[in-house]
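Peer 1: Protein chains in written order, with my numbering: chain A, -12 to 341; chain B, 2 to 266.
Just so you know, the hints here were simulated from the structure itself, not pulled from any lab data. Each hint should be verified, as a subset may be incorrect.
[Claimed, not checked] Simulated coverage check for chain A against chain B, where a stretch passes if three residues somewhere in it have a Cβ under 8 angstroms from a Cβ of chain B:
1. 24 to 38
2. 53 to 59
3. 62 to 72
4. 80 to 88
We put the beta carbon where it would ideally sit given N, CA and C, even for glycine.
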Amino acid sequence: MIRLEQLTVPAGAFTLHNVSLEIPEGAYTLVIGPTGSGKTTLLEAIAGHVPVRDGRVFLRGVDVTHLPPEQRGVGFVYQQYHLFPHLRVRDNIRYGLRHGTQSPAEQDARVESLAGMLGIEALLDRGVGRLSGGEQQRVALARALAPRPSILLLDEPFAAVDPSMRHLLRRELRTLHEREGTTTLQVTHDFDDALRLGDQVAVLSEGRIAQAGPPDQVFRFPNSPFVARFIGAGTVLAGVLERSQAGTEGDPFAARFQSGALSLEVIASHEGPAHAVIRPEDILLSRDPFPGTPRNRFPARITRVERTGALAYVHLDAGVQLVAVITSATADEMQPAVGEVLHAALKATAVHLV
Amino acid sequence: MQPVSSPPTRPGGLVAAFLASLLILFIAGPVLRLLLDATPTSLAGAARDPELRASILLTVLTATAATGLALLLGVPLAWFLVRARFPGRRLVAGLIELPVVIPHPVAGIALLLFLGRRSAVGGVLANAGLEFVSHVPGIVAGMLFVSAPILVSGAREAFHGVDPRLERVARSLGDSGFQAFRSVTLPLAGRGILAAALLSWARAVSEFGSIVILTYNPKVASILIYDRFTLYGLEAAVPAAVVLLLVAVAVFLLVRLLQRGHETA
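Based on the provided sequences and hints, a complete structural model is requested.
Peer 2: Structural data, given as structure tokens:
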């Protein structure tokens, strides 16, 4: 278990501010944030590599704020892996076992077992200089896991590998996590990692936790325009809310959200300036007018169609810029053309206000 | 394979190449001229000269002692200057390079004032049995003063080349700070530190200006060469100069070999 209490960490010109976070035993948590948001500094503060100005770090229920790194029992894998260049792969993995009570034979067995688990047995007697990014990552993981740390910290572990290797390593990491049961905290700038790997996610912005929770929850209900934009939750529109129906004080009410030339019926809990997050999958498109219930119906001109494998993103001008998504099969059938005006529809409940 | 760039063909390039070759000739010419005197006969003559033998031995031993001290004191200093952040770090870094710009006789006078019997420090040390002026420790002090900056500078560069995150990984794997230094930093910086130590040693061997003031006798090789030149002329100085030059060339080649190994490692 990792618990951070109002952690403030200066790191050069940059400071992490009042970071509080709790990661349950055995959970896989991701901290995401843009470059320079303090992700690596956060990991280094947990591992004891940078001094903490204020706040507390608890690992496994013990206050380790002032303990040196070697007494924290934390495995650490940096973005560039940082394998020891003067040691062979085997000696890199064995490095952390030197301080334990295991016999040389037991150490060998542990090295072999991890190498087998990660598919790097053939590399054990090689130097680290000529390993590929994926191989280096596996060796770094094996090295960090060898002493059986109860906590594993991963700094952008997929940043230096190509996309195909990334998918494979992501799967392997999840399997490894399930097998070893290590409480894992990974930092990334890719929300896809969070959706695929994480039990929970924390979004870091300029040294502060902007939002934390289960990845799906954060994705569906971002709490700020920054979070919505950063995780790619959808189109973020700035506008103004006006109550359109009287109701009980404190209850959600029907309102009109005006952003540029677009006016949407929404369910709101306050009036005044607001941001609306509109997910691409919530915008329905048709060449024929929508019959029935959608409260928001408006014409939208196609400005661009972007195909990404199974999906096609349709960029629209509806007085404001919007993005809708359809399947490639639908796109093949519909053949949306740039300049064409379609009918768009959006449920009032699908507009997330922040 | 490295791409080979074509030689400069424009007039500007030719002028630059001509000027560069003048400097190369200026440096290589005297060295090669003296090396021409390194014949078996002259070397055998030098080997039979007991005063020269004793002088070379003294030079090698005192330079080795000075380099040992520079390593002992300079490596921790270099590490602190690279890794630690403390008030006055820049001042210390500047101070350690000061001997490079001080004329060496001036360094000798400063050391004489600081370590002479009549100074506070020199007095205490003399009472403890450590005399500098006109004694062997004076030679080591002069050598250390002028060669330590070379060692510290080289060691700093070597430590700069070791990513501090490697040490952090080692710490997370259970190493104390010193264990991480011994097992990760030192092996990785070792080649650079060794090259710096060799350069520092070579600088100590060639020192003259401060030693001539602190300890004229017993004579190190550089003073013996000067002594023979002023007393007996050029011919008497050449055998000793040839031996010193061969030592310097050997060290130079060793350093180049180490640096090349480091680049290809």
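Peer 1: Taking the hints in turn, state whether each one holds.
Peer 2: Against the structure, the hints come out as follows:
1. For the region 24 to 38 of chain A, the assignment as covered by chain B holds, since 4 residues bring a beta-carbon within under 8 angstroms of that chain's beta-carbons and 3 suffice.
2. Residue count for the region 53 to 59 of chain A with a Cβ under 8 angstroms from a Cβ of chain B: 4. That meets the three needed, and the coverage hint holds.
3. Closer than 8 angstroms: that is the beta-carbon criterion, and the region 62 to 72 of chain A has 7 residues meeting it against chain B, so the requirement of 3 holds.
4. Check on the region 80 to 88 of chain A: 5 of its residues sit with their Cβ under 8 angstroms from a Cβ of chain B, so the three-residue criterion for coverage holds.
Checked against the numbered hints above, the structure breaks none of them.
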